[in-house]
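**Q** Listed below, chain by chain, are the residues.
Protein chains: 4
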Amino acid sequence: MEYPPEMIRGIFTPNIVPFHADHRINEGELRRYVQWLLERGVTGIYPNGSTGEFIRLSYEQRIRVVEIVMEETRGKVPVLAGAAEPNIDMVLSACRRYADLGCRAVSVTGPYYFKVSQHSIEHYFRELAAKSPIDIILYNIPQFSNEISLGVVKRLAMDCPRIVGIKDSSRDMPRFMDTLNEIKPQRPDFSCLIGCEEILLPVLMMGGDGGTIATSGVAPEAVMKLYHSFLSGDFAEAKRIQFKLLELIATMFAAGNFPEGFREGVNLRGFNTGRGPQTMSPHELEHFYTIRSKLACLLAECGFKEAAASCEGAPQKLDAMLERIRRRLP
Amino acid sequence: MEYPPEMIRGIFTPNIVPFHADHRINEGELRRYVQWLLERGVTGIYPNGSTGEFIRLSYEQRIRVVEIVMEETRGKVPVLAGAAEPNIDMVLSACRRYADLGCRAVSVTGPYYFKVSQHSIEHYFRELAAKSPIDIILYNIPQFSNEISLGVVKRLAMDCPRIVGIKDSSRDMPRFMDTLNEIKPQRPDFSCLIGCEEILLPVLMMGGDGGTIATSGVAPEAVMKLYHSFLSGDFAEAKRIQFKLLELIATMFAAGNFPEGFREGVNLRGFNTGRGPQTMSPHELEHFYTIRSKLACLLAECGFKEAAASCEGAPQKLDAMLERIRRRLP
Amino acid sequence: MEYPPEMIRGIFTPNIVPFHADHRINEGELRRYVQWLLERGVTGIYPNGSTGEFIRLSYEQRIRVVEIVMEETRGKVPVLAGAAEPNIDMVLSACRRYADLGCRAVSVTGPYYFKVSQHSIEHYFRELAAKSPIDIILYNIPQFSNEISLGVVKRLAMDCPRIVGIKDSSRDMPRFMDTLNEIKPQRPDFSCLIGCEEILLPVLMMGGDGGTIATSGVAPEAVMKLYHSFLSGDFAEAKRIQFKLLELIATMFAAGNFPEGFREGVNLRGFNTGRGPQTMSPHELEHFYTIRSKLACLLAECGFKEAAASCEGAPQKLDAMLERIRRRLP
Amino acid sequence: MEYPPEMIRGIFTPNIVPFHADHRINEGELRRYVQWLLERGVTGIYPNGSTGEFIRLSYEQRIRVVEIVMEETRGKVPVLAGAAEPNIDMVLSACRRYADLGCRAVSVTGPYYFKVSQHSIEHYFRELAAKSPIDIILYNIPQFSNEISLGVVKRLAMDCPRIVGIKDSSRDMPRFMDTLNEIKPQRPDFSCLIGCEEILLPVLMMGGDGGTIATSGVAPEAVMKLYHSFLSGDFAEAKRIQFKLLELIATMFAAGNFPEGFREGVNLRGFNTGRGPQTMSPHELEHFYTIRSKLACLLAECGFKEAAASCEGAPQKLDAMLERIRRRLP
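Protein chains in written order, with this note's numbering: chain A, 1 to 330; chain B, 1 to 330; chain C, 1 to 330; chain D, 1 to 330.
Please note that a few of the clues may not be correct.
[What the hints assert, rightly or not] Straight-line alpha carbon distances no greater than 35 Å define the calculated DSBU-like cross-link-like pairs of lysine-lysine that follow:
{"hint": "1", "chain 1": "A", "residue 1": "K184", "chain 2": "D", "residue 2": "K115"}
{"hint": "2", "chain 1": "D", "residue 1": "K305", "chain 2": "C", "residue 2": "K184"}
{"hint": "3", "chain 1": "A", "residue 1": "K115", "chain 2": "D", "residue 2": "K239"}
{"hint": "4", "chain 1": "C", "residue 1": "K239", "chain 2": "D", "residue 2": "K239"}
{"hint": "5", "chain 1": "A", "residue 1": "K244", "chain 2": "B", "residue 2": "K225"}
{"hint": "6", "chain 1": "B", "residue 1": "K184", "chain 2": "A", "residue 2": "K305"}
{"hint": "7", "chain 1": "A", "residue 1": "K239", "chain 2": "A", "residue 2": "K154"}
{"hint": "8", "chain 1": "D", "residue 1": "K225", "chain 2": "C", "residue 2": "K154"}
{"hint": "9", "chain 1": "D", "residue 1": "K184", "chain 2": "D", "residue 2": "K154"}
{"hint": "10", "chain 1": "B", "residue 1": "K244", "chain 2": "A", "residue 2": "K184"}
{"hint": "11", "chain 1": "C", "residue 1": "K244", "chain 2": "D", "residue 2": "K154"}
{"hint": "12", "chain 1": "D", "residue 1": "K244", "chain 2": "C", "residue 2": "K244"}
{"hint": "13", "chain 1": "A", "residue 1": "K154", "chain 2": "B", "residue 2": "K225"}
{"hint": "14", "chain 1": "D", "residue 1": "K154", "chain 2": "C", "residue 2": "K305"}
{"hint": "15", "chain 1": "B", "residue 1": "K305", "chain 2": "A", "residue 2": "K154"}
{"hint": "16", "chain 1": "A", "residue 1": "K225", "chain 2": "B", "residue 2": "K225"}
{"hint": "17", "chain 1": "D", "residue 1": "K115", "chain 2": "A", "residue 2": "K225"}
{"hint": "18", "chain 1": "A", "residue 1": "K154", "chain 2": "C", "residue 2": "K115"}
{"hint": "19", "chain 1": "D", "residue 1": "K184", "chain 2": "A", "residue 2": "K115"}
{"hint": "20", "chain 1": "C", "residue 1": "K225", "chain 2": "D", "residue 2": "K244"}
{"hint": "21", "chain 1": "D", "residue 1": "K244", "chain 2": "C", "residue 2": "K154"}
{"hint": "22", "chain 1": "B", "residue 1": "K154", "chain 2": "A", "residue 2": "K244"}
{"hint": "23", "chain 1": "B", "residue 1": "K239", "chain 2": "A", "residue 2": "K239"}
{"hint": "24", "chain 1": "C", "residue 1": "K76", "chain 2": "C", "residue 2": "K239"}
{"hint": "25", "chain 1": "A", "residue 1": "K184", "chain 2": "B", "residue 2": "K305"}
{"hint": "26", "chain 1": "D", "residue 1": "K225", "chain 2": "C", "residue 2": "K239"}
These are computed hints drawn from the structure, not numbers from a lab.
Take the sequences, apply the hints, and build the full model.
**A** Quick look at the structure:
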């Protein structure tokens with residue numbers, strides 16, 4: 001099948017943001033990190049996603065992160081900029097700025113904090129679509145913000161050319177199947193991206209267009225190999241990698257408040273990431289360093305030698321912890 | 001790959017139970033229905049599943065349903081009998097009866113109604129495994145009963161030969177991926193069955209062993225064709241059928257209290273199913289007949305001519321309703 | 001204000017069921033326990049509530065429990081019998097039996113396991129009300145079974161004389177306030193009972209009619225003193241007791257799977273309760289005995305000397321555990 | 001009982017923010033509104049609460065709202081300023097500004113959007129308490145942001161003099177009872193405020209210190225009369241008002257996305273409130289105007305003549321709608 005060249009497909013990395021000890025963004029490391037990702041062939045970059053902790057930054061910081069990413073990517077890859085600002089005027093301001101910077105599209109969640117009706121959410125995106133100077137990706141992440149129901153997604157896809165796709169982080173594969181089924185026949189260029197690392201391959205096999213995959217910020221080599229194996233029809237290899245990644249993914253989720261495990265993964269790949277704005281308690285940090293060691297071992301096993309030094313001894317099994325995380329307990 | 005001959009693999013039909021108007025089980029129709037399923041080649045039958053409304057039957061009725069299924073199948077196909085009784089003594093009584101009847105295995109949910117700790121759930125299944133005269137399938141359906149966490153499943157799979165598989169109806173594909181990854185390498189004969197129709201194909205492609213698929217009780221021809229297409233490597237055809245089935249599935253879920261839509265699907269295939277024990281209000285019945293008509297059209301489209309007569313005019317789109325259902329609203 | 005003499009008001013004890021080691025009901029202890037409760041002046045008995053683990057008994061056992069309670073109470077106090085059977089025919093069978101036995105009313109939850117629409121729930125209770133030979137109390141416990149929404153409760157209260165009240169265990173005081181406000185002005189004899197020990201006094205003060213209070217099965221002296229202090233206008237004393245009971249309540253909830261802590265409370269008052277049908281793991285039992293010791297100390301402090309012997313040393317603070325329970329974690 | 005003079009007690013109004021049609025804050029109306037509230041005797045003002053839609057404003061707007069409130073109140077009443085900023089540095093910046101402005105205290109929610117562990121939340125508040133130049137009220141609103149568990153609240157109350165109270169909007173009265181019971185004996189000056197209008201009176205009667213009550217921004221006369229009736233021991237009158245307010249409260253919640261109903265209540269009291277940043281769909285607006293009419297009738301009934309003109313005809317019962325809201329459906 002032929003796709004229009006501008007269609008958003010492939011693996012986008014929702015980059016973590018490195019910080020200095022005084023909580024300022026470490027711009028130098030961010031620049032170096034983006035270059036490193038580009039060298040490893042990710043399809044595009046996705047600043048201000050949940051992995052980028054947009055919600056914990058100031059408006060000015062969010063803009064700054066995208067400026068830096070755009071300065072580093074310089075048009076070489078498409079950039080999807082998260083623009084889930086507190087109100088529609090601020091979203092539109094961000095949209096204008098990101099359009100000026102040359103981003104490919106913005107990504108916008110449903111409103112967060114308050115529960116908002118689906119009618120209002122549809123109305124909100126229709127207004128955005130009418131006024132935005134840049135293409136919009138719907139960002140469905142019902143764990144953290146109001147769901148954008150499939151009915152709403154479908155109507156928006158049919159009516160709003162500015163809305164060019166959905167990034168679905170709901171972890172709900174049945175819904176993703178329905179999304180493909182109800183939208184693609186009528187609008188094949190509507191990008192259906194998954195935001196759940198564990199099911200990237202099944203999503204691709206069923207016709208999804210790719211994903212925003214936090215793990216691609218830690219092990220871009222592996223995720224891109226999975227993707228290219230899929231594209232070239234080597235299903236066995238793609239499957240092998242997908243399963244291989246599952247323990248790494250679970251371990252990063254188990255490390256503590258999201259996205260600290262993913263940040264630590266980047267750290268183990270050789271970046272001075274610092275700690276995120278949401279600090280952990282001393283008790284949690286202790287636990288965190290145990291996980292870090294396991295994470296280092298897993299990365300070393302994947303062939304990333306820079307992590308090997310941090311793999312200390314035989315990390316004890318972290319099953320109980322992993323289970324807690326999987327069951328989404330606090 | 002070779003599988004042991006007794007391993008539980010394939011498509012098992014969780015049969016609905018037909019009722020007389022006076023609420024007695026319509027045994028004649030149940031027999032005729034089981035024969036009809038056998039003729040259409042389903043791998044096995046799964047009485048007393050959620051689709052079989054085990055929770056709304058008396059203990060005696062549950063036993064009776066399995067007796068009838070065993071009399072009709074006569075060893076031609078494996079039967080998994082739901083045995084989620086109110087307490088462990090009653091579960092074991094049912095296990096003994098189902099063993100005597102020649103069932104292949106029983107399926108047992110986590111305890112329902114009360115919240116129970118994972119420790120207690122693990123202890124419960126260990127005790128069952130130690131005392132049961134018949135193989136056990138864990139039935140994970142956290143929507144309706146206590147979740148059986150993956151950690152518990154894994155430990156049970158490693159320690160208890162009597163526990164031979166899991167049927168996962170959680171609709172949680174990331175969890176299913178983790179289940180395959182954490183159990184299969186150490187116990188490849190542990191059956192991993194999905195209980196979510198929308199993702200049957202992706203599950204099969206990733207290494208799942210099959211499923212208990214309510215839709216196979218309504219359109220067994222289609223579901224078995226999907227399965228055999230997958231087995232024979234015709235992925236394109238399997239994918240076509242999987243997507244084709246999605247609207248049918250959504251419509252049956254949208255018809256009202258589960259499993260009334262599935263029962264009505266069976267009705268449209270030519271069985272006198274009656275209504276289930278949980279009656280609908282007059283207002284809901286009105287709505288139900290609109291859905292029934294749409295359901296008939298979808299079945300007729302699939303080539304099931306007996307349904308065509310009930311497809312009246314152009315059924316208006318049921319999007320709002322489908323959306324409600326998808327979002328699991330009451 | 002004058003109330004009709006048959007109106008259901010006061011403190012009803014949802015009795016635990018004692019078991020023999022072989023899982024049979026310990027009928028002798030159950031009889032002795034009911035007599036003990038009567039001697040301590042509880043308003044009435046409520047067999048087959050959640051505390052009575054109706055869901056873990058067989059149909060025959062549930063009937064038997066009520067028979068025993070009726071034989072012991074012999075009309076001295078009103079008995080509300082839980083009749084939440086698997087389907088409407090079985091509910092009505094139980095209703096007929098409980099009417100014959102002379103129970104004051106039955107209590108029926110919304111359907112459990114499956115999600116059922118509010119329309120169907122209303123229809124279900126209307127049908128019950130039309131056919132039942134005995135008064136019905138709605139039992140709202142959305143943690144474990146389908147909620148009975150306030151709109152449904154209100155319409156049933158207005159239309160169905162057979163439905164004489166609600167027992168609300170939702171722990172939702174704002175809803176209870178709305179219930180009083182929307183029903184009492186039009187039907188003052190509709191009993192509004194709370195099933196949440198922690199808020200018994202505020203509920204009474206705002207116009208509630210009483211409660212089904214599991215703690216009254218462990219410390220009937222204290223709960224009845226609270227109630228009588230309230231009735232006689234001694235608000236300060238009632239408040240003192242309510243607060244005094246909170247730690248006891250929290251400790252019983254923290255003891256393990258409900259209702260094991262309450263059963264153990266009864267045990268500490270001098271009854272041979274045995275363990276319930278849902279067994280705990282060895283690991284949990286260890287923890288349980290720590291809690292038991294704390295529970296014994298709390299009961300001893302309340303002046304129940306029979307518990308003193310089991311209060312060993314200084315029980316360490318169980319805050320973490322209590323917190324888990326309060327936050328309803330598994 | 002004697003309370004220290006600086007203790008935070010009474011009724012604080014979480015003010016809505018009026019907007020111009022172009023989405024700028026209507027500063028003139030905000031000033032006039034604050035004066036109107038002061039004239040009606042509310043204990044204090046609480047800008048940047050959920051009712052004040054802090055989450056939908058920019059950082060600069062939040063600061064501006066507090067500046068205006070401080071300019072209008074000029075020390076006549078205590079002001080609690082919401083300071084739930086995206087990260088700890090921004091919270092502390094806001095704290096310093098609010099301290100300089102002379103606010104009595106700030107109120108801070110648990111982190112929102114991401115799930116954060118209770119350990120991290122405790123650590124976060126400890127750090128805030130150590131660095132803040134102004135007293136802190138914990139704001140527990142688990143519907144919208146991470147819960148602050150009772151265990152955490154208790155430890156913070158015992159260890160941190162800067163943390164002077166909790167505002168609990170969880171609607172969880174059993175938890176509020178436990179809060180009073182576990183904290184007051186050791187720290188009687190720790191303010192326990194409720195943020196749930198429906199249970200203000202029971203909370204006061206059980207020993208709560210007051211509340212942040214959105215309804216006091218619409219009907220301050222009624223809420224203050226309830227409060228003063230309680231203080232003067234006229235329980236019957238306080239109870240009458242509490243019940244009288246319930247339908248008004250339910251109607252404002254039913255009007256649409258929170259806090260539109262409360263904003264409209266203020267509008268009906270004679271203020272040019274405009275619409276909030278989260279717009280409604282045309283379909284919802286239609287519905288909204290029906291509710292508005294009912295709201296006007298209820299306010300007119302309470303004796304607020306300015307609302308009478310908007311009470312058109314006999315508003316039909318809004319039961320279905322109210323029920324949806326009560327059950328917290330989207």
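**Q** Please name the hints from earlier in the document that this structure breaks, with their numbers sorted from lowest to highest.
**A** Per hint list: zero violations.
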